[in-house]
Amino acid sequence: MVKRYGNLTAVDGLTLTARRGEVTAILGPNGAGKTTTIEVCEGYRNADAGIVRVLGLDPAADAAALRPRVGVMLQSGGIPPGVPAAEYLTLLSRFHEKPHDPAWLLDIVGLTGSARTPYKRLSGGQQQRLSLAAAIIGRPELVFLDEPTAGMDPQARHATWDLITALRADGVSVILTTHFMEEAERLSDHVVIIDAGQVVADGSPVKLTGSAGQLRFRAEPGLDTDSLLSALPAGSAAKESPAGHYLIEVHEGNVEPALLAAVTAWCAERGVLPSSLRIESRTLEDVFLELTGKELRA
Amino acid sequence: MTAAETAAPAEVAGRFAPAPGAAPMRRMVAAQAVLEGKTLLRNGEQLTLMLVIPLLLLIAFSLEPLVSFGGGYTRIDFLTPGVIALAVMSTAFTSQAIGTGFERRYGVLKRLGATPLSRTGLIAAKTSTVIVVELAQAAIIVVVALFLGWSPHASPAAIVTVPLLVLLGTAAFSGFALLLAGTLRAEATLAAANLIYVVMLGVGGVVFSLTKFPADARPLLELLPTGALSTGLRDVLAGGAVFPAKDVVTLAVWAIAGIALAARFFRWE
Chain A
0 MVKRYGNLTA VDGLTLTARR GEVTAILGPN GAGKTTTIEV CEGYRNADAG IVRVLGLDPA
60 ADAAALRPRV GVMLQSGGIP PGVPAAEYLT LLSRFHEKPH DPAWLLDIVG LTGSARTPYK
120 RLSGGQQQRL SLAAAIIGRP ELVFLDEPTA GMDPQARHAT WDLITALRAD GVSVILTTHF
180 MEEAERLSDH VVIIDAGQVV ADGSPVKLTG SAGQLRFRAE PGLDTDSLLS ALPAGSAAKE
240 SPAGHYLIEV HEGNVEPALL AAVTAWCAER GVLPSSLRIE SRTLEDVFLE LTGKELRA
Chain B
0 MTAAETAAPA EVAGRFAPAP GAAPMRRMVA AQAVLEGKTL LRNGEQLTLM LVIPLLLLIA
60 FSLEPLVSFG GGYTRIDFLT PGVIALAVMS TAFTSQAIGT GFERRYGVLK RLGATPLSRT
120 GLIAAKTSTV IVVELAQAAI IVVVALFLGW SPHASPAAIV TVPLLVLLGT AAFSGFALLL
180 AGTLRAEATL AAANLIYVVM LGVGGVVFSL TKFPADARPL LELLPTGALS TGLRDVLAGG
240 AVFPAKDVVT LAVWAIAGIA LAARFFRWE
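Order-wise, the sequence lines are chains A and B. Residues 0 to 297 in numbering that gives the first Met the number 0 are what the first sequence spells out, letter by letter. Residues 0 to 268 in numbering that gives the first Met the number 0 are what the second sequence spells out, letter by letter.
These are computed hints drawn from the structure, not numbers from a lab. No residue lacks a Cβ here, since even glycine has one placed at the ideal position from N, Cα and C. Any given hint might turn out to be false.
Stated by the list, open to error - Between beta-carbon pairs, the in silico distance windows are:
#	chain 1	residue 1	chain 2	residue 2	range
1	A	Glu289	B	Glu186	44 to 54 Å
2	A	Lys119	B	Leu194	21 to 31 Å
3	A	Thr111	B	Lys245	56 to 66 Å
4	B	Thr182	A	Ala102	31 to 41 Å
From just these sequences and the hints, can you work out the full model?
Okay, here's the thing in structure tokens:
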């Protein structure tokens with residue numbers, strides 16, 4: 000898929016497949032093309048090139064057939080500011096053949112106490128929860144959630160994760176974008192990382208983060224990492240970042256017992272006691288930063 | 000959110016099994032129209048524009064000899080058709096332009112675009128709301144006017160010509176309302192719609208007779224939608240005209256132009 004805005008190519012030959020019944024997370028820095036990709040799938044924009052199919056249909060040409068089957072949560076807004084939460088949900092329920100009971104759904108997203116509060120007077124997190132409820136009121140087969148937990152407090156975020164997990168368990172396909180790596184790692188069957196309009200990584204969270212390939216420990220700052228590295232098996236890397244935090248990475252493999260022994264032996268020779276020593280896999284955030292760089296995006 | 004408000008997954012298991020489907024078009028349109036109506040009632044400025052100003056004009060100008068009216072009509076007989084024309088403009092044009100402009104700004108139109116309610120359905124809902132509001136406005140204005148001594152001098156054909164004029168006027172005003180709302184920023188729409196309302200109040204034959212304007216200006220003013228609607232309604236309701244052909248044609252042309260331009264240039268987001 001290709002999508003240009005004037006001279007800017009927002010989506011540049013992106014190919015991705017989200018399987019039915021799975022949670023697919025689309026990650027990427029700001030401006031990577033996440034929202035553009037989702038909005039093409041939602042039928043808001045036409046791609047300039049490529050083929051887009053949603054539930055086997057063309058989101059532009061078959062919009063009327065798709066709309067009842069797809070739930071949409073926009074990144075922000077879309078709800079009239081003066082309309083009370085319950086009234087808005089009731090309106091959307093009237094657009095569907097077998098909607099959820101609006102009062103029940105309002106309860107599920109924790110908004111029963113704010114049923115009569117106009118949208119503009121809800122907190123940011125409450126607005127997000129109403130928007131999420133609006134996306135699923137019509138019992139959709141597929142939901143697009145654009146940054147569903149942005150602005151939510153931790154309680155609301157966990158409740159939303161539970162809700163997304165429940166949707167998946169009942170066979171609803173979910174496509175979400177997020178900046179929270181933990182969210183993607185916990186919820187998704189499939190993670191797609193995009194940058195500059197292209198897919199840079201694609202797979203299950205476990206596949207992307209790999210197996211246990213890191214050893215971290217804390218100790219006094221300024222240890223000689225070159226000396227440490229020379230004591231380790233080949234194929235390792237050692238660095239101190241930030242001061243006093245040491246990271247030993249094993250490329251293409253796991254941390255073996257011999258590596259752990261070598262590290263502790265090296266420390267013992269120098270009378271250094273490593274603390275907080277952990278053997279772990281890389282996090283999705285490590286992978287994300289490695290693929291998309293650490294510089295700030297405009 | 001307290002712990003009690005947070006749903007445990009066990010409570011919801013099995014409840015989200017997909018069962019999609021659109022409701023019948025009529026139910027969607029009715030639900031949207033009811034919401035649009037409630038939104039209008041919640042909005043004090045819009046109500047002022049649609050009801051308070053027309054009624055104040057009707058009462059103030061009929062009781063005090065502020066201006067002299069042309070055409071040999073009594074004060075209230077002259078005013079009532081003009082005030083009905085103003086009420087139609089306020090609802091179909093000013094209020095609709097402002098409301099839709101802000102809906103566009105807040106992404107409400109975009110979000111509705113993802114629901115089973117089609118754009119045709121949305122337009123149908125807005126039109127239904129406008130017509131119901133206009134009927135309510137007309138009923139209130141007629142009752143107040145009758146109380147103030149209004150006695151229509153109309154032919155039986157008015158049963159057809161008055162609704163025809165009002166419908167054509169509504170179509171013309173709605174077309175231009177959506178043209179403004181769908182092309183300008185919400186603030187610009189607000190300013191333009193209010194300005195046009197005030198200017199039309201002055202030069203649209205609402206309370207000031209077009210016969211009082213310079214002879215050169217009058218034919219042009221009668222070709223404006225507000226002028227055509229107020230003149231047509233006045234000819235029918237006060238002058239006993241059977242069919243104000245010129246005004247009907249004028250409004251029809253504005254309606255076609257407005258709707259065509261709106262359809263061409265309206266941007267949903």
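Given a hinted range of 31 to 41 Å, is it respected by the beta-carbon distance of B:Thr182 and A:Ala102?
40 Å, holds
Measuring from beta carbon to beta carbon, are A:Lys119 and B:Leu194 in 21 to 31 Å?
27 Å, holds
Status of the given 44 to 54 Å range, CB of B:Glu186 versus CB of A:Glu289
45 Å, holds
Is the distance from the Cβ of A:Thr111 to the Cβ of B:Lys245 consistent with 56 to 66 Å?
Between A:Thr111 and B:Lys245, where Cβ atoms are some 59 Å apart, the hint holds.
Going down the numbered hints, you'll see the structure goes against none, and every one checks out.
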